[in-house]
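Each chain is listed here by its residues.
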Amino acid sequence: MNNPPPAPALAMDEATFQVFYEQTVRGVWRYVFVTCRNEAITDDVIQDSYIKFLRYVDSNRSFQEQRAYLYRIAGTVLISYMRGECAGRERVGEDGEWPVRPVSDPNLAMDVQTALADVEPRERKLLWLAHVEGFSHNEIADILGVAEHSIKVMLYRARTKLKSLLKKRGLNREVRL
Amino acid sequence: MNTQCPDEQKLIAEIRAGKLADEMRTHLKICAHCREIAEITEQLKVLSESLPAPQLSGASGLYRKAKLVGGDQFYRVLLPIWIVQLFLAVATIIAAFAGMFSGREVFSRLAQWFHYLPGLADLTGMSAFVVNIVTIASFVIIILLPLTVLGMWFRDILNEKPASRPRRSEL
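For the protein sequence lines, the chains are A and B, in the order given.
Okay, so the first sequence: first residue is 143 according to the working numbering, each after it adds one.
Okay, so the second sequence: first residue is 109 according to the working numbering, each after it adds one.
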């Protein structure tokens, strides 16, 4: 009792965090943005997520595990924001326009964006984590707090739904890579 | 087509990297599941590239903020408890020494209260030294112990991980 209680130390040193941040910030930002579709909320959520991440992450875990943990925190923080923000209005960012950057195929981006907006937020998260962020089913189950065996079915349904929505917009093409 | 191909993860990784190996191209010709995966992945990739870049402060700014937020929250709750604990501990030690070496019942009034408490011994007939020791021990148990437990409890709350799982509808 002779010394004041020590404040909890951050789980990473600044240099390590700097590297982790550079490697993950864009991905996790896009993930949150695609779910809530509001830039201001996304910025706040990302900031809070990294702060929570720094306090609670297990520094002995691998990069991929820490990355999955960050996405899990971001999802939880976003839900907290949604609960708070939705008290006054119907749904955060649901009617907002998505700002887009010029890309090689702006029409395709716009069509996919519109189709994805018609997919439920839960399915959007699933599709994004699997197809854009490249997480395994096991990792997605951990991030979303769902049983691993459910992910396969949920992902299949989400994919089928998105595919039919894209088909309606005349987007049904072969891979061009 | 509710199936899973062992090459699914590899395919997604290759599309994300923007380079499909010849082996994978051959596989795509025979695997309808992977063709569907490839199609969706490529379309989502185009969308992800079109999204704006995050306008956030840098990593060092966030790191400093995390330090401040954690420390501030921690000390706002725990420091007052710790100060009270320290003050009481010092006061108890001084009182204990004073009581032990004075040769008289420093806490005679306090000791008399024990007489009215059910289940406790009557201290009025005992030596001043015993009365002082018992009173100080009681003081420590009644006041310092709950404060210590309270401090530990708050510390646990502040260190708690954000483990609350979202409701299924919120996933």
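Since the hints were derived computationally from the structure, they do not count as laboratory data.
In this text, all values refer to a predicted model and were calculated from it rather than measured experimentally.
Possibly wrong hints are sitting among the right ones.
Facing chain A, from chain B, some residues (calculated, C-beta under 8 angstroms) [claimed, not checked]:
#, residue
1, H135
2, C139
3, K153
4, A161
5, Q163
Built from N, CA and C at the ideal position, the CB exists for glycine as well.
Hint check:
Given hint, H135 (chain B) at the interface with chain A, is violated; its Cβ is 12 angstroms from that chain's nearest Cβ, farther than 8 angstroms. For C139 (chain B), the interface hint is violated, the least distance from its beta-carbon to any beta-carbon of chain A being 12 angstroms, above 8 angstroms. With 8 angstroms as the threshold, the beta carbon of K153 (chain B) comes within range of chain A, its nearest partner Cβ sitting at about 7 angstroms, so the hint holds. Of the supplied interface hints, the one on A161 (chain B) holds, with its beta-carbon coming within about 7 angstroms of a beta-carbon of chain A, less than 8 angstroms.
This hint holds: Q163 (chain B) has a C-beta 6 angstroms from the nearest C-beta of chain A, less than the 8 angstroms allowed.
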